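Trainee: Put chain B on the given structure of chain A with help from the hints.
So the sequences go chain by chain: A and B.
Note that this note's numbering has the first sequence beginning at 1, numbered continuously upward.
Note that this note's numbering has the second sequence beginning at 1, numbered continuously upward.
Derived by calculation from the structure, the hints in this document are not laboratory data.
No experiment lies behind these values; they were computed from the predicted model shown.
Don't take each hint at face value.
Result set (BS3-like, lysine-lysine): computed pairs, CA atoms no more than 25 Å apart in a straight line [as the list claims (entries may be wrong)]:
id: 1; chain 1: A; residue 1: Lys-73; chain 2: B; residue 2: Lys-11
id: 2; chain 1: A; residue 1: Lys-16; chain 2: B; residue 2: Lys-246
id: 3; chain 1: A; residue 1: Lys-245; chain 2: A; residue 2: Lys-227
id: 4; chain 1: A; residue 1: Lys-227; chain 2: A; residue 2: Lys-259
id: 5; chain 1: B; residue 1: Lys-11; chain 2: A; residue 2: Lys-108
id: 6; chain 1: A; residue 1: Lys-280; chain 2: A; residue 2: Lys-244
id: 7; chain 1: A; residue 1: Lys-180; chain 2: A; residue 2: Lys-29
id: 8; chain 1: A; residue 1: Lys-73; chain 2: A; residue 2: Lys-2
id: 9; chain 1: A; residue 1: Lys-126; chain 2: B; residue 2: Lys-11
id: 10; chain 1: A; residue 1: Lys-2; chain 2: A; residue 2: Lys-153
id: 11; chain 1: B; residue 1: Lys-246; chain 2: A; residue 2: Lys-18
id: 12; chain 1: A; residue 1: Lys-247; chain 2: A; residue 2: Lys-280
id: 13; chain 1: A; residue 1: Lys-29; chain 2: A; residue 2: Lys-217
id: 14; chain 1: A; residue 1: Lys-303; chain 2: A; residue 2: Lys-18
id: 15; chain 1: B; residue 1: Lys-84; chain 2: A; residue 2: Lys-73
id: 16; chain 1: A; residue 1: Lys-139; chain 2: B; residue 2: Lys-84
id: 17; chain 1: A; residue 1: Lys-139; chain 2: B; residue 2: Lys-11
id: 18; chain 1: A; residue 1: Lys-153; chain 2: A; residue 2: Lys-180
id: 19; chain 1: A; residue 1: Lys-217; chain 2: A; residue 2: Lys-181
id: 20; chain 1: A; residue 1: Lys-73; chain 2: B; residue 2: Lys-246
Taking CB as the label site, the calculated pair distances span [said to hold, decoys possible]:
id: 21; chain 1: A; residue 1: Asp-300; chain 2: B; residue 2: Leu-174; range: 55 to 61 Å
id: 22; chain 1: B; residue 1: Leu-174; chain 2: A; residue 2: Arg-55; range: 30 to 36 Å
id: 23; chain 1: B; residue 1: Ile-144; chain 2: A; residue 2: Glu-194; range: 57 to 63 Å
id: 24; chain 1: B; residue 1: Ile-144; chain 2: A; residue 2: Asp-60; range: 40 to 46 Å
id: 25; chain 1: A; residue 1: His-71; chain 2: B; residue 2: Val-86; range: 27 to 33 Å
id: 26; chain 1: B; residue 1: Arg-19; chain 2: A; residue 2: Glu-194; range: 40 to 46 Å
Just so you know, even glycine gets a beta-carbon here, dropped at the ideal spot from N, CA and C.
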Amino acid sequence: MKSLISIQNVSKAFGKHKALNNVSLEIEKGEIFALLGPNGAGKTTLISAICGLCRQSSGDITVNSFNTVTHYKDTRNQIGLVPQELPLDGFESVYNSCQFSRGLFGLKDNRNHIENILKALSLFDKRDEQIFGLSGGMKRRLLIAKALAHEPKILFLDEPTAGVDVSLRRDIWKLIEDQKKIGVTIILTTHYIEEAEQLADRVGIINSGEIILVKEKNSLMSEFSKKTTFIRLSKQLQDHSFVKKNKNISVVENGMALKLIGINSESNELQVLVNLLSQKGIGFTEINTVDNSLEDIFLDLVKAK
Amino acid sequence: MNFQAAITIYKFEMARFRRTIFQSLVAPIITTSLYFVVFGAAIGSKIETINGVSYGSFIVPGLIMLYLMTESINNAAFGIYFPKFVGSIFEVLSAPVSSVEATIGYVGAAASKSTIIGLMIFLTSNLFVTHDIKYPLIMAVFIILTAVTFSLFGFIIGIWAQNWEKLSIIPTLLVTPLVFLGGSFYSIDMLPEFWQKVSLLNPVFYLISGFRWSFFGTSEIPIHLSIIAIVSFMTICLAIIAIIFKTGYRLRT
Numbered sequence: 001m002k003s004l005i006s007i008q009n010v011s012k013a014f015g016k017h018k019a020l021n022n023v024s025l026e027i028e029k030g031e032i033f034a035l036l037g038p039n040g041a042g043k044t045t046l047i048s049a050i051c052g053l054c055r056q057s058s059g060d061i062t063v064n065s066f067n068t069v070t071h072y073k074d075t076r077n078q079i080g081l082v083p084q085e086l087p088l089d090g091f092e093s094v095y096n097s098c099q100f101s102r103g104l105f106g107l108k109d110n111r112n113h114i115e116n117i118l119k120a121l122s123l124f125d126k127r128d129e130q131i132f133g134l135s136g137g138m139k140r141r142l143l144i145a146k147a148l149a150h151e152p153k154i155l156f157l158d159e160p161t162a163g164v165d166v167s168l169r170r171d172i173w174k175l176i177e178d179q180k181k182i183g184v185t186i187i188l189t190t191h192y193i194e195e196a197e198q199l200a201d202r203v204g205i206i207n208s209g210e211i212i213l214v215k216e217k218n219s220l221m222s223e224f225s226k227k228t229t230f231i232r233l234s235k236q237l238q239d240h241s242f243v244k245k246n247k248n249i250s251v252v253e254n255g256m257a258l259k260l261i262g263i264n265s266e267s268n269e270l271q272v273l274v275n276l277l278s279q280k281g282i283g284f285t286e287i288n289t290v291d292n293s294l295e296d297i298f299l300d301l302v303k304a305k
Numbered sequence: 001m002n003f004q005a006a007i008t009i010y011k012f013e014m015a016r017f018r019r020t021i022f023q024s025l026v027a028p029i030i031t032t033s034l035y036f037v038v039f040g041a042a043i044g045s046k047i048e049t050i051n052g053v054s055y056g057s058f059i060v061p062g063l064i065m066l067y068l069m070t071e072s073i074n075n076a077a078f079g080i081y082f083p084k085f086v087g088s089i090f091e092v093l094s095a096p097v098s099s100v101e102a103t104i105g106y107v108g109a110a111a112s113k114s115t116i117i118g119l120m121i122f123l124t125s126n127l128f129v130t131h132d133i134k135y136p137l138i139m140a141v142f143i144i145l146t147a148v149t150f151s152l153f154g155f156i157i158g159i160w161a162q163n164w165e166k167l168s169i170i171p172t173l174l175v176t177p178l179v180f181l182g183g184s185f186y187s188i189d190m191l192p193e194f195w196q197k198v199s200l201l202n203p204v205f206y207l208i209s210g211f212r213w214s215f216f217g218t219s220e221i222p223i224h225l226s227i228i229a230i231v232s233f234m235t236i237c238l239a240i241i242a243i244i245f246k247t248g249y250r251l252r253t
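Just chain A, same shape as in the assembly (with noise of 0.2 Å):
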């Protein structure tokens, strides 16, 4: 099946200063994308490539086989994008906002739409008042609210929870899935590894304007997935001469536990040592393992390259 967006070796130079070096990437129709990378990666700088935003120095893009450059308003047409910062004109109203974003992609004033919107979104008592006398998180959302206005296919979310709370950041995770379910093709970055844990199909690392890595999450946290069991001893280790010829194996909580990385509670590794233990007198009170997060393996990866 043809990708939904394709991403054909893009490079994007700032001066002598190389933001995107040959990316290529595929998204497909209807799932979740997220591009995950540290400050400076580039994340911004692909979508606001793909958005229109940037003129890539070479290399194609195409949404629904449509070239961003050569048919720009068949791709803008199908895309909603929320930027990173809170570009807003304060003197407006919600709700004209919302009607200006909606009128910028030829349509005209949908107010049952913009107003549903608005109530999904928690803003609809806010609804004509000046945008000025509202909170970041309203901001936020009334970013999302714009960006839907239109009823894009393609909604680009760059940090959408930066600087949110708990509570609404929920909302806006719940938001993402509904939009989701009504076939709306989503790439997000993020720097919430827990939110692409928690939303994405799909992930995609990209450091030093190159893309590391796409894997589908679940195969991704299978792969990379490393565990950490826990050994809490029931006295204290004084000999760490049996633990210091593994590299896995550390000696935590002032020798009161055992930290293993990478070996299965199952394993025979793992027998071994609490026979060494045994010998030496010393039992334990507690074996906890626990797989390590999709943050370990991008910090990992990013370390990595």
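Mentor: Only chain B this time, still in chain A's reference frame:
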């Protein structure tokens, strides 16, 4: 053609005009009234008629032109600079809006605002002086051409400006002196011969002179030169805007 987008931008900008109606409309009317009191009544009573026109009536076209030009520039420059300044310009740039549609929206609104102000000044002038307009159609054409052309010029300034100082530097240091020295309040026949020749280098002089012709049927230069001047300036502004949108100059990175 995305007409709806152009209409949306136009309405949005006109809403800004309505929000600041006092500053936009009342302030020019009060200032114009002061001009009439000072120039028309106090000084004008000491000046003889110019080409058979009383001084009070003579300055009406100049005053209208003064406001038409400065307000067109200021409104258009602010209209595009403000969304650039707050960042909300991203909406227009990421929407299916062509350069023509965006220009129609922003420039059309700025030209409408300044035309309304120009007409209000004309109505205000009727409180102080009485005059018949000899060629009302030509007057309307001049008002529209000037409002659109100087709004295009202001639009360019708004895109070019990267801070508030740059936004006001050209209107303050270039346009206002040109308008004042272009014969707004005097006939260049009243100047020494040398300064008459210098005045002919001032493009604004041609516009004021042509506009005055539409009022009284007399002017310092032939009407067709005025038309050529305004149309030439408009063409230059349109060409610059076309280049700006083609290159994305100070709009897209």
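Trainee: Taking the hints in turn, state whether each one holds.
Mentor: Structure-based check of each hint:
no., hint, verdict
1, Lys-73(A) - Lys-11(B), "holds, 22 Å"
2, Lys-16(A) - Lys-246(B), "holds, 23 Å"
3, Lys-245(A) - Lys-227(A), "holds, 20 Å"
4, Lys-227(A) - Lys-259(A), "holds, 10 Å"
5, Lys-11(B) - Lys-108(A), "holds, 13 Å"
6, Lys-280(A) - Lys-244(A), "holds, 16 Å"
7, Lys-180(A) - Lys-29(A), "holds, 10 Å"
8, Lys-73(A) - Lys-2(A), "holds, 20 Å"
9, Lys-126(A) - Lys-11(B), "holds, 22 Å"
10, Lys-2(A) - Lys-153(A), "holds, 16 Å"
11, Lys-246(B) - Lys-18(A), "holds, 23 Å"
12, Lys-247(A) - Lys-280(A), "holds, 21 Å"
13, Lys-29(A) - Lys-217(A), "holds, 16 Å"
14, Lys-303(A) - Lys-18(A), "holds, 20 Å"
15, Lys-84(B) - Lys-73(A), "holds, 21 Å"
16, Lys-139(A) - Lys-84(B), "holds, 18 Å"
17, Lys-139(A) - Lys-11(B), "holds, 23 Å"
18, Lys-153(A) - Lys-180(A), "holds, 10 Å"
19, Lys-217(A) - Lys-181(A), "holds, 18 Å"
20, Lys-73(A) - Lys-246(B), "holds, 15 Å"
21, Asp-300(A) - Leu-174(B): 55 to 61 Å, "holds, 60 Å"
22, Leu-174(B) - Arg-55(A): 30 to 36 Å, "holds, 32 Å"
23, Ile-144(B) - Glu-194(A): 57 to 63 Å, "holds, 58 Å"
24, Ile-144(B) - Asp-60(A): 40 to 46 Å, "holds, 43 Å"
25, His-71(A) - Val-86(B): 27 to 33 Å, "holds, 30 Å"
26, Arg-19(B) - Glu-194(A): 40 to 46 Å, "holds, 42 Å"
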